[in-house]
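Colleague: Once you have looked at the hints, place chain B with the ligand on chain A.
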Amino acid sequence: MCLGVPGRVMTTIDVAGLLMGTVDFGGVSRDVCLGYVPQARVGDYVIVHVGFAISLVDETEARRTLEVLRSMGAFEQELGQELGQELGQELGQELGQAPR
Amino acid sequence: MKYLDEYRDPALARRLFTEIRTVTSRPWTLMEICGGQTHTIVRQGIDELLPPDIRMIHGPGCPVCVTPLELIDKALAIAGRADVILTSYGDMLRVPGTTTDLLALRARGSDVRVVYSPLDAVRIAGERPDREVVFFAVGFETTAPANAMAVLRAHALGLPNFSVLVSHVLVPPAMTALLDAPDCQVQAFLAAGHVCAVMGWAQYEPLADRYQVPIVVTGFEPLDILEGVLMAVRQLEEGRAQVENQYVRAVHRSGNIQAQEAIRRVFKVRDRMWRGIGTIPSSGLALTDEFAAYDAEARFAVADVTAQEHPACIAGGILTGTRLPTDCAAYATLCTPRTPLGAPMVSTEGTCAAFHSAGRQPTGQPAGQPVPAAAAGPS
Ligand code: SF4
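As given, the protein sequences belong to chains A and B, one line each in that order. The opening residue of the first sequence carries number 1 in the working numbering; numbering runs sequentially from there. The opening residue of the second sequence carries number 1 in the working numbering; numbering runs sequentially from there.
Chain A with its partners taken away, still in its complex shape (with noise of 0.2 Å):
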């Protein structure tokens, strides 16, 4: 029950005074709580646990850590190929899977 997953806020409504909203994942959406994040507004993405929104995901840090992997040394030629191949394979699995 801690897998928390990226979605994508769609709506927002107040239900009798608690901010909910529908949240889209990857095309299932799911109404979510956003009483937690009242600061949220469509289009942004929200990091949801058990029907609530925990945390908003910052869109500025997100791509910055990935520039961070992306500039890192690329030395990968120190790395068996088939050590690469194998977690390729295994990442492109995962990748298929439904989300969690």
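These are computed hints drawn from the structure, not numbers from a lab. Any given hint could be a false lead.
What the hints assert, rightly or not - Output of the computed footprint for chain A on chain B, the stretches with three or more beta carbons under 8 Å from beta carbons of chain A:
1. 12 to 22
2. 109 to 120
3. 146 to 154
4. 175 to 189
5. 220 to 227
6. 254 to 267
On a predicted model such as this, the values are computed, not experimentally measured, just so you know. Just so you know, even glycine gets a beta-carbon here, dropped at the ideal spot from N, CA and C.
Modeller: Only chain B with the ligand this time, still in chain A's reference frame:
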């Protein structure tokens, strides 16, 4: 999907593996706290692809796994009542109690329902005023805001037929207990990103300082975990022991203030028993006096229920990272995800289940206690 796929990029993962290999000069032992991270690590084989000097051990971060057997038995006792609808996260249904599990009770006619969100349980309570609706509130700091909101909602809506069976545990006291253990092997932690999304990481700073142990707040995708490992190894190699944040896209130092306020209003800190580990001081949550009326344990007088663990199960060693599932004599033989003897085999976040679904083979040199003949079938 955005924010998932790009953190599973094999080319970037390769670079991270290379970088980790480059900075590692001697053996280090790292523990990931969270069961979600364990799942990613074992499923992707990250532990086996890391340089041999880096050993990953798997922590107690599966809430289902650390929920005491006693509480499962209490849930079973409550669910067995004709006037009750017991609601729970799906993970809890197959966790074996002393004599049965919630799924079996349901098959025998008890009203046990899986909910996606605790607010669903509140909704059911509103729809069924003729029944007592109990929510089995397990989890770490990540689910605490949701469970707190359920109680606040039931209170606001005036639902006298709603209550919660609370089994909430907190991560930092468990890390302290692990570090205090004389056989502690952990040299650095990957802290659970989503727990920190709620609580922030200020709580970890005294720990890093006192025990001189690097702690890296880490996300859940393969690249997150590899970057977390890299950051932790760099600290170890440089002789630093700080709290660092890998999961910057989702976690701030102060965490989610609104969520923390709700938790503080509904719950207070108390000692908690961790399955397989024992009682850890100030390591869990109970309802505050203001919301004591929502306590299912008091409402249904199950406070005295006690329970006995299965003798073959070495969950305690698994949860503290001192043993591997493959060390257990029952692993993959008597104990499988279909016939779990202990909680770590039930939840997808449990280390035993993660090993089993990744097809890890028993070592053939069982180090666990011998399995008594009487344990051959599910009781
Ligand atoms: S394999 Fe089963 S019996 Fe062994 S430690 Fe894991 S849950 Fe317990």
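Colleague: Hint by hint, note whether the structure agrees.
Modeller: Against the structure, the hints:
1. 12 to 22: Coverage by chain A holds for the region 12 to 22 of chain B (10 residues, Cβ < 8 Å).
2. 109 to 120: Per the Cβ count (5), the hint holds.
3. 146 to 154: Three-residue rule met by the region 146 to 154 of chain B, so holds; n is 3.
4. 175 to 189: violated (count 0)
5. 220 to 227: holds (count 4)
6. 254 to 267: holds (count 4)
Taken one by one, the earlier hints fail for this structure only at number 4.
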